[in-house]
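Protein sequences appear in the order of chains A and B.
Converting from the first sequence to our numbering requires adding 246 to each position, the first position being numbered 1.
Converting from the second sequence to our numbering requires adding 3 to each position, the first position being numbered 1.
Calculated directly from the structure, the hints in this document are not laboratory data.
All values reported here derive from a predicted model rather than from experimental measurement.
Positions of the beta carbon are idealized from the N, C-alpha and C atoms, including for glycine.
Errors might be hidden in some of the hints.
With a Cα cut of at most 27 Å, we get these calculated DSSO-like pairs of lysine-lysine [unchecked claim]:
id : chain 1 : residue 1 : chain 2 : residue 2
1  : A       : LYS265    : B       : LYS51
2  : B       : LYS133    : A       : LYS362
3  : B       : LYS103    : B       : LYS120
4  : B       : LYS150    : A       : LYS260
5  : A       : LYS260    : B       : LYS103
6  : A       : LYS260    : B       : LYS120
7  : B       : LYS162    : A       : LYS260
8  : A       : LYS260    : B       : LYS159
9  : A       : LYS362    : B       : LYS162
10 : A       : LYS340    : B       : LYS167
11 : A       : LYS299    : B       : LYS120
12 : B       : LYS106    : A       : LYS340
Quick list of simulated restraints, FRET-style, between CB atoms [said to hold, decoys possible]:
id : chain 1 : residue 1 : chain 2 : residue 2 : range
13 : B       : SER107    : A       : VAL272    : 47 to 57 Å
14 : B       : GLN195    : A       : LYS303    : 40 to 50 Å
15 : B       : GLY261    : A       : SER261    : 40 to 50 Å
16 : A       : LEU301    : B       : ILE23     : 52 to 62 Å
17 : A       : LYS252    : B       : SER19     : 50 to 60 Å
18 : A       : GLU370    : B       : LYS111    : 50 to 60 Å
19 : A       : GLU370    : B       : GLN195    : 33 to 43 Å
20 : A       : GLU279    : B       : GLN195    : 34 to 44 Å
21 : A       : LYS260    : B       : VAL135    : 38 to 48 Å
22 : B       : ILE144    : A       : GLY278    : 30 to 40 Å
23 : B       : GLU166    : A       : SER261    : 25 to 35 Å
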Amino acid sequence: MSEEFKVEIVNPEKSFLVKDDVSEVVVPAFEGEMGILKDHISIISFLKPGIIKILSKSGDENYYVEDGIVEFKNNNLSILTSTIFNITDIDKSKQQDLLKQAEEEANKTDINDQSKYLADQKVEVLKTLN
Amino acid sequence: MASLDDLKKRIASVKSTQKITKAMKMVAAAKLRRAQESAEKGRPYSEKMNNIILNLSNGVSDKENAPKLLSGTGQEKTHLCVVMTSDRGLCGGFNSNIIKKAKSYFVKILDEGKELKIITVGSKGNDQLKRVYGDKIIENISFKESKNANYFDADKVGKMVIEKFEAGEFDVCTIFYNQFKNVITQIPQAQQIIPLNNEGEESSSEESYEFEPDEDEILSNLLPKNISTQIFKAMLENSASEQGSRMSAMDNATRNAGEMVDKLTIEYNRSRQAAITKELIEIISGAESL
Chain A
247 MSEEFKVEIV NPEKSFLVKD DVSEVVVPAF EGEMGILKDH ISIISFLKPG
297 IIKILSKSGD ENYYVEDGIV EFKNNNLSIL TSTIFNITDI DKSKQQDLLK
347 QAEEEANKTD INDQSKYLAD QKVEVLKTLN
Chain B
4 MASLDDLKKR IASVKSTQKI TKAMKMVAAA KLRRAQESAE KGRPYSEKMN
54 NIILNLSNGV SDKENAPKLL SGTGQEKTHL CVVMTSDRGL CGGFNSNIIK
104 KAKSYFVKIL DEGKELKIIT VGSKGNDQLK RVYGDKIIEN ISFKESKNAN
154 YFDADKVGKM VIEKFEAGEF DVCTIFYNQF KNVITQIPQA QQIIPLNNEG
204 EESSSEESYE FEPDEDEILS NLLPKNISTQ IFKAMLENSA SEQGSRMSAM
254 DNATRNAGEM VDKLTIEYNR SRQAAITKEL IEIISGAESL
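With these hints in hand, go ahead and build the complete structure from the sequences.
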């Protein structure tokens, strides 16, 4: 029996990525990173800024996301997100732009704890991309 | 009867109008294809979102303490209407259909003695509504600069709606837009987005989910996103509808202009001939009298 399942990433504009030979996906869930293998129990969770790792036969892929929801059901993983980039597509200047934005957001004083936490996360993740 | 010169001028002017409408039709056709494509591509997201929320809201055990975006504030005193129209005219009945639908809803709300607040998206809707409901319009947004409907804009509107909701400025929110059916038919829609109205929709699966963190927290995170998603969907449908409506309107205009040119040409030829005949008669009778 194969150990592969299907993953689909959609953003509001289009279906971003569909892959059906995935062996493992690691998502930055809100309460910590979560690895999903085949026959995982049905789960719904949401994402914090971080890296989605997709491991498949045809090679590993990494995506940077800022937010989103994951749903896993019947060996179908759906990831809904509004902001996603393939890490290999992010060049230095783009990454610097994002980092600057995130830092500005994190330095705001009039935001609540949760958005502060999310912004801090964003800064941290973007720094590790260097 | 108009003089020959006048007719000539009119034919020329109708012809140049026809050229414009023809060009507009072709531009609309090209844009329509793109708009339709992105409307179709955007569907999976909103469908999936809807599905997850449906699954979640069925899982919420404590209906009393459910997030307010889902269950409402418990009263229906103030209604917020988001009327989404285009920024450009010359698109047939597109804008007036939405306005008509919205106005009949406004009348109903006001008759029931409830308070009404309006946000207009797109300048055409604002132009038409401000004459009668000018004092009710609290916000007017226009995305003239952005070429295509994009999520960023929708998110801005969504965030604003949520901000106002959290400030307790309204209880019920309805969005008005045109649903794209095909090039000839666009259906004006009124969709209630706050509180979320999904009664009667059955959850697609009986399966139970594991939630991380718990349902309430996911829901309160998800619902604001859903507002933006719904608004984005409405924007996509709207832009496809706008181009479709413009295309068929411009097609009609081009055809009408063609008919008019034909009619005017016949009239022109007839009066030209009449003038020649008249001149001939004058010459002949002049020669006879000599």
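For each hint, the structure was consulted:
1. A/LYS265 to B/LYS51: Distance of about 17 Å is within 27 Å: holds.
2. B/LYS133 to A/LYS362: 40 Å, violated
3. B/LYS103 to B/LYS120: 17 Å, holds
4. B/LYS150 to A/LYS260: 17 Å, holds
5. A/LYS260 to B/LYS103: Outside the cut-off at roughly 32 Å; violated.
6. A/LYS260 to B/LYS120: Status violated; Cα separation ~33 Å.
7. B/LYS162 to A/LYS260: 22 Å, holds
8. A/LYS260 to B/LYS159: Judged against 27 Å, a Cα distance of about 19 Å means the pair holds.
9. A/LYS362 to B/LYS162: This hinted pair holds, its Cα atoms lying about 17 Å apart.
10. A/LYS340 to B/LYS167: 33 Å, violated
11. A/LYS299 to B/LYS120: Roughly 46 Å separates the two Cα atoms, so the pair is violated.
12. B/LYS106 to A/LYS340: 46 Å, violated
13. B/SER107 to A/VAL272: 47 to 57 Å: 52 Å, holds
14. B/GLN195 to A/LYS303: 40 to 50 Å: Holds - the Cβ-Cβ distance for B/GLN195 and A/LYS303, about 46 Å, lies within 40 to 50 Å.
15. B/GLY261 to A/SER261: 40 to 50 Å: 43 Å, holds
16. A/LEU301 to B/ILE23: 52 to 62 Å: 57 Å, holds
17. A/LYS252 to B/SER19: 50 to 60 Å: 56 Å, holds
18. A/GLU370 to B/LYS111: 50 to 60 Å: At roughly 51 Å between Cβ atoms, B/LYS111 and A/GLU370 fall inside 50 to 60 Å, so the hint holds.
19. A/GLU370 to B/GLN195: 33 to 43 Å: At 40 Å between Cβs, range holds.
20. A/GLU279 to B/GLN195: 34 to 44 Å: 38 Å, holds
21. A/LYS260 to B/VAL135: 38 to 48 Å: 39 Å, holds
22. B/ILE144 to A/GLY278: 30 to 40 Å: The hint (30 to 40 Å, Cβ to Cβ) holds, given that B/ILE144 and A/GLY278 are roughly 39 Å apart.
23. B/GLU166 to A/SER261: 25 to 35 Å: 31 Å, holds
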